[in-house]
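Assemble the whole structure, with the sequences as input and the hints as a guide.
Residue numbers (UniProt numbering), protein chains in the order written: chain H, 1 to 155; chain R, 1 to 106.
Source of the hints: derived by calculation from the structure; they are not laboratory data. Among these hints, one or two may not hold up.
What the hints assert, rightly or not - Here are the computed lysine-lysine pairs in the DSS-like style, where the Cα-Cα straight-line distance is at most 27 angstroms:
#1 H:142 - H:87
#2 H:75 - R:21
#3 R:13 - H:87
#4 R:11 - H:75
#5 R:21 - H:142
As the list claims (entries may be wrong) - Residues of chain H clear of chain R, computed beta-carbon distances all greater than 12 angstroms:
#6 42
#7 46
#8 48
#9 50
#10 51
#11 52
#12 53
#13 63
#14 77
#15 110
#16 133
#17 136
#18 137
#19 148
Model, not experiment: these values are computed from the prediction. We put the beta carbon where it would ideally sit given N, CA and C, even for glycine.
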Amino acid sequence: MSRNSGSAGTSRREILAAGAGALALILARPARATPESMAAAIKAFVGEAEVREGRVTLEIPPLVENGNSVPLTVKVDSPMTAQDYVKRIAVFNERNPQPNVALFYLNPRAGQALVSTRIRLGDSQNIVAIAQLSDGTFWSDKAELIVTLPACVES
Amino acid sequence: MARALINVPAKAKRGEIIEIKALISHPMETGYRTGPDGALVPRDIINRFICTYNGVEIFSADLFPAIAANPFFSFTTTATESGRIAFRWIDDRGQAHLETAEIAVE
Chain H
1 MSRNSGSAGT
11 SRREILAAGA
21 GALALILARP
31 ARATPESMAA
41 AIKAFVGEAE
51 VREGRVTLEI
61 PPLVENGNSV
71 PLTVKVDSPM
81 TAQDYVKRIA
91 VFNERNPQPN
101 VALFYLNPRA
111 GQALVSTRIR
121 LGDSQNIVAI
131 AQLSDGTFWS
141 DKAELIVTLP
151 ACVES
Chain R
1 MARALINVPA
11 KAKRGEIIEI
21 KALISHPMET
31 GYRTGPDGAL
41 VPRDIINRFI
51 CTYNGVEIFS
61 ADLFPAIAAN
71 PFFSFTTTAT
81 ESGRIAFRWI
91 DDRGQAHLET
101 AEIAVE
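Listed below in structure tokens is the structure:
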């Protein structure tokens, strides 16, 4: 009886340990969210400048069925006057073969800083948009999304 | 080869912010796909897109393979004067294309 309960105890401990391990794996996933390649690409874009969160709105669906064509809109809160405007908007991804997505050049004649395009996504991942303003500051927004059918699977 | 749909309002009031849309027919081959023979299909994407308004650049973009096939762009500009809005893009084969649209500003 005591032996039985002892073995049952061990197996329960094992199950619990396995469960904890699986939970740790699930929890550990977001920890490796920023691969070095994206960080390097962002560094190439911003240089030594500080990137602050805010002013940029990245609109992208949180759940994507088809990664081959994902609508993306970047909006920056800026008056777009000759003194204060958005110069460049860059979009980066984490898990495509290349970290860069696109780099848009704007000027005050745009009237508002609003750009839309359609992109490819090879996996569920984080997308980052960074805007460079005319005063040299950088602002960013980030979106996490899930892709059920990634691009590049048909090959 | 490559065709495009350009959407520019035909008329606008002076100072109005107008939306410009462009949809270009292009495979945007990433260079990461293998063809039927198992060899990599060489990369062929539109790598640069430029929009000018009466000769002055109002928008441009550097593009990477992560842009979807048949790329679509939408952006805005201020209607300043009547004239021509021109769209130019260049792909990896060096092919350059030009599309234009007329706008009347009153």
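Which numbered hints fail
15
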